[in-house]
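Peer 1: Sequence:
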Amino acid sequence: MLKQLILIIAIVSLTGILAFAQEQPSTDKKEKMELSKDSKECCTTDKTHSDMMMKKSSNVSDLKTWNKVCPVTGEELDSDARTVEYNGKTIGLCCKKCVGKFEKDPEKYMKNLNKDGSEFIGS
Numbered sequence: 368m369l370k371q372l373i374l375i376i377a378i379v380s381l382t383g384i385l386a387f388a389q390e391q392p393s394t395d396k397k398e399k400m401e402l403s404k405d406s407k408e409c410c411t412t413d414k415t416h417s418d419m420m421m422k423k424s425s426n427v428s429d430l431k432t433w434n435k436v437c438p439v440t441g442e443e444l445d446s447d448a449r450t451v452e453y454n455g456k457t458i459g460l461c462c463k464k465c466v467g468k469f470e471k472d473p474e475k476y477m478k479n480l481n482k483d484g485s486e487f488i489g490s
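Using this note's numbering, the letters of the sequence shown correspond one by one to residues 368 to 490.
In short, the hints are calculated from the structure, not lab data. On a predicted model such as this, the values are computed, not experimentally measured, just so you know. Yeah, the Cβ is synthetic: ideal placement off N, Cα and C, and Gly gets one too.
Here are the in silico distance ranges between beta carbons for each label pair: (1) LYS478 / GLU452: 15 to 21 Å; (2) SER446 / PRO473: 22 to 28 Å; (3) LYS471 / ASP445: 21 to 27 Å.
Calculated pairs, DMTMM-like style, for lysine to aspartate or glutamate (alpha carbon to alpha carbon, straight line, at most 25 Å): (4) LYS463 / GLU486; (5) LYS464 / GLU442; (6) LYS456 / GLU470; (7) LYS464 / GLU474; (8) LYS482 / GLU442; (9) LYS471 / ASP445; (10) LYS482 / GLU452; (11) LYS435 / ASP447; (12) LYS431 / GLU486; (13) LYS468 / ASP483; (14) LYS464 / GLU452; (15) LYS482 / ASP447; (16) LYS475 / GLU452; (17) LYS471 / ASP447.
Just need the whole structure built from these sequences, with the hints factored in.
Peer 2: What follows is the structure, given as structure tokens:
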């Protein structure tokens with residue numbers, strides 16, 4: 368009798384587990400990016416995440432940035448350069464960390480560039 372009860376409980380448990388088990392849908396990075404493009408940005412109601420994303424370009428000449436070097440580090444801009452708008456100019460930055468630093472104090476970092484943005488003159 369006890370063996371039959373254990374067998375019945377095991378069968379019911381196994382059936383329940385199989386009935387409620389679901390395969391997790393795999394979502395790759397591209398799908399996640401597509402999904403996030405339409406979601407609203409957390410701090411405003413009129414802009415989407417895709418509007419807030421930094422522009423990337425595969426070619427430095429396609430960047431059309433005002434400057435040729437990063438105002439934070441002095442490194443030459445490459446294909447991974449990020450851009451931000453400042454005083455009507457498209458400012459190129461070498462990486463995501465520099466974007467954060469620049470946005471906190473843009474005047475400080477703009478002083479690191481010469482008048483045409485082609486040379487790093489800061490320290």
